[in-house]
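Protein chains: 2
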Amino acid sequence: MLHLIMQEGHARRGRYETPHGVIETPVFMNVGTQAAIKGGLGADDLERIGTQVELSNTYHLHVRPGDRLIRDMGGLHRFMTWSGPILTDSGGFQVFSLAELRKIKEEGVSFHSHIDGAKIFMGPEESMRIQSNLGSDIAMAFDECVKIPSPYDYVKRSCERTTRWLARCKTALENFNSESDAVNPGQALWGINQGAVFHDLRIAHMQEIASLELPGYAIGGLAVGETHQEMYDTIEAVEQYMPKDKPRYLMGVGTPTNIIESVKRGVDFFDCVMPSRNGRHGHLFTWDGVMNINNRKYDRDPDPIDPRCDCPTCRRFGKSYIRHLVKAQEPLALRLMVIHNLYFYNKLMSEIRSAIEEQRFEEFRSRYSETLARRI
Amino acid sequence: MLHLIMQEGHARRGRYETPHGVIETPVFMNVGTQAAIKGGLGADDLERIGTQVELSNTYHLHVRPGDRLIRDMGGLHRFMTWSGPILTDSGGFQVFSLAELRKIKEEGVSFHSHIDGAKIFMGPEESMRIQSNLGSDIAMAFDECVKIPSPYDYVKRSCERTTRWLARCKTALENFNSESDAVNPGQALWGINQGAVFHDLRIAHMQEIASLELPGYAIGGLAVGETHQEMYDTIEAVEQYMPKDKPRYLMGVGTPTNIIESVKRGVDFFDCVMPSRNGRHGHLFTWDGVMNINNRKYDRDPDPIDPRCDCPTCRRFGKSYIRHLVKAQEPLALRLMVIHNLYFYNKLMSEIRSAIEEQRFEEFRSRYSETLARRI
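Those protein sequence lines, which keep their order, are chains A and B. In terms of the working numbering, the first sequence has 774 at position 255, counting the first letter as 1, and numbering is strictly consecutive. In terms of the working numbering, the second sequence has 838 at position 319, counting the first letter as 1, and numbering is strictly consecutive.
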C-alpha cells in the first residue's frame, strides 16, 4: 500500500512501509549492485547522503558471493550493515543482458555465469529463493525484459509468459515467507509490467498483473533504446491502469529530467546507475546543469562542484583538488564524485517531494526539467 | 626543538611544535603521495583515524598537478583540506629511484619526468622552492639516497656532496621563508643523515650536519635492501651523535616490529607505505599478527578484522563482507582495509607513547615486537 499524502495532477507524494522503515516517495533508490556502491561507498556513507533505499542485484550476488553465504551471514542487511529498506531486482534483466544466454523455456532460463562460466538455471522459483535468502524488503518478479524494438507477436507471447511467471513468483514467495527461518518474512513481491512500446500490450499486461493484487508494480523494459518521448507516452498509456493505492516503480530511469517528467506522469520509485557511473567519469550534476570536471577551466578553481550543495564533498573539497585527483587516478576522486552525484539525486527527490506537498511541483518542473540537462 | 617528556632507556616520549599544531612523538606519518591516501581516503578520513602528520611527495606533486598550482590554491593544506602538520620529502628519493636518471652534478640532478618524459632539473634550491610552494610544515633536505650496497668511496663522496647540498638548502629555505608571500613562513628544514651501512661515514656525516643546528634530523638511505639487523646496528651507531633535543626521523620504516625496535633505539618519527600498500593487498595488521583476508577461512566469518580494534572498519564491517568486496573488486574493499591498517599504525604509536610515559615500554616491546610480525 502506498499512503498518498498529496497529489498535484498525476504527481504523487506518498509513503510506503517496509520491514526496515518507511520510504517517502517519490524516491530514487541508490544502486549497490554487489552490496556496495561503486566508487568506494559503504553503508555508513549512504546514511550521510540521504539514501532511503539501497538496491542490490540478485544475479550478481547469486554468482558472488552466493545468496546462501549471505543468508548464513544473516541476510543482506546485516552483511552490508545497511539497516534501511533494500530492494532486489529479480536477476531477469542480467540473465537476459549479461549472461551468455542458452535457452528460455516455460520453466525458466538456462545460462552460463559471466564470472566462471558455470551453468545456472533461473526461473520464478529460483529467483524468489535467492531473493528470500538475501532478505530484501522488496523482491521483484522474475520477468523477461524484451529488447526494443522486438516484433509485436514476440512481445505478446513474452508478456503472457511473464504473467504466468508472476503467478509462480507469488506462490513461491508466499511459501518462502511462511518458512520458520525466513530471513525477512515481511518481504514484498512487486510485479513488473512489460510490453515494449506497444500500448495495447502494456495495458492488457498491466490489467492482468493488477488482478494479482500485489503490493507494488513496476514499469519494466523501458530506457533500453526507445526515445524519451516514446518512454513518456508509454508511461502515460499504462499509468491509468496501475492501481492508485500501490507504488509505481519505473525501472532503470534515469536523468534528472527523466525523473521529473516521470513524476509528473505518476511514478513514485526510480533507480539508475547514472549518478554513480557518470560520477566516476567526472560528469557531475549541479542545479545549473551537468559539469565535466575534466574541463581545463577548473584547474585552479577552488570552489565546490556546486556552491548550493551540502554534500560531504561540496562542504569540504574544491574543484581544483578533485580535478587533480582525477588526473592522478586517485580512487578518492571517484569516491568524492559519486558521493556528490548520489547526494544530488537524493536531494532532487527531496525537493520534488516538498514541491508536491506545497502544490508547486509544476513550477519546480518548469524551472528545472530542462535546466538540469544543460551541459555547463 | 623536541620537548622531551619522558625517556625509558633510549626510547623517547616527546612533543614537537609546527605551524599547524603539536605532534606527539613517537609518531607514524601517514603517506599521501599525491595529496591523497591511496585507497580512497580524504582528509576527513584522516581526522577519524588518528592521523597526526600527513606526508606528501614533492616529486609527484611537482610533476602533477604542479607546485605552482598548489601554491595558487593557497598551499597543500588548503588544497587537500588537511589542517594538521604536513611533512614533504625532498624529491631526492624519487629522483634517484623513479625517474629516468640523466646526470648528477654539483648543482643538482637532471632527469626526465616519469609522467610525460619532460626534462626536469632539481637541486637543493629547486627542491626548497617546490616545498616552499607546497607550504608543508617540515621540508626535507635534498640529498642523494645511495643504493645499498655501494662502494665505500662512492658513499663517502656522496655524503660530502649531500652536506654541501644541505648548506644550500638551509640558505634557500631561509630566503623563501623571508619572502612576504611565503605560503608557510614557519616551514622547518630537517637534515638527512646518509652513509649507507658504513658506521664511520654515518657518524662523520651526522657530526657535520648537526653543526648546522637544524630543527630536526632524519636517518635516510635505510630500508633499501640491508638486513633488519644492519639497520638496527646503523641506528645504534649514529643515534648517540644525533642532537638529543631534536626529533629523529627514520625514513621509510617500516613494519610494526621495525618501529618498536627503532623506538627502543631512540627514533621519534616514522613513515612507510606499508600499511596502505599491504592493506590494498588484503594483508591486515592485528594485535595478534598479520592476517590475510584472502584466506578462505574468512568466507563466513562475520567478526571484525580485530575485535579489539576501534577503527571505523572494525566498528561496523565483518571479515566475510570485506572478503566479498575484495573478490568482487569493489573499491570499497581497499578503502576499508587501508582505514583499518592506518588506524592500527596510529594506535600502535599511541600505545607506544603511553608505554614510555608509564615506564613500561620494554614490557610492551617484549609483548608485541615479535607477535605483531606473526602470520595468522
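Derived by calculation from the structure, the hints in this document are not laboratory data. One or more hints might be untrue.
No copy labels: a pair is met if it fits in one copy or bridges any two.
To be verified - Restricting the straight-line Cα-Cα distance to at most 30 Å, the calculated cross-link-like pairs of lysine-lysine (DSSO-like) are:
1) K675 <-> K816
2) K846 <-> K816
3) K622 <-> K846
4) K675 <-> K622
5) K846 <-> K765
6) K763 <-> K675
7) K866 <-> K638
Note that the coordinates shown come from a computational prediction; the quantities given were computed from them, not determined experimentally.
Hints versus structure:
{"no.": "1", "hint": "K675 <-> K816", "in the structure": "neither (52 Å within a copy, 50 Å between copies)"}
{"no.": "2", "hint": "K846 <-> K816", "in the structure": "within (14 Å within a copy, 39 Å between copies)"}
{"no.": "3", "hint": "K622 <-> K846", "in the structure": "between (45 Å within a copy, 29 Å between copies)"}
{"no.": "4", "hint": "K675 <-> K622", "in the structure": "within (19 Å within a copy, 75 Å between copies)"}
{"no.": "5", "hint": "K846 <-> K765", "in the structure": "neither (46 Å within a copy, 38 Å between copies)"}
{"no.": "6", "hint": "K763 <-> K675", "in the structure": "within (25 Å within a copy, 86 Å between copies)"}
{"no.": "7", "hint": "K866 <-> K638", "in the structure": "neither (42 Å within a copy, 48 Å between copies)"}
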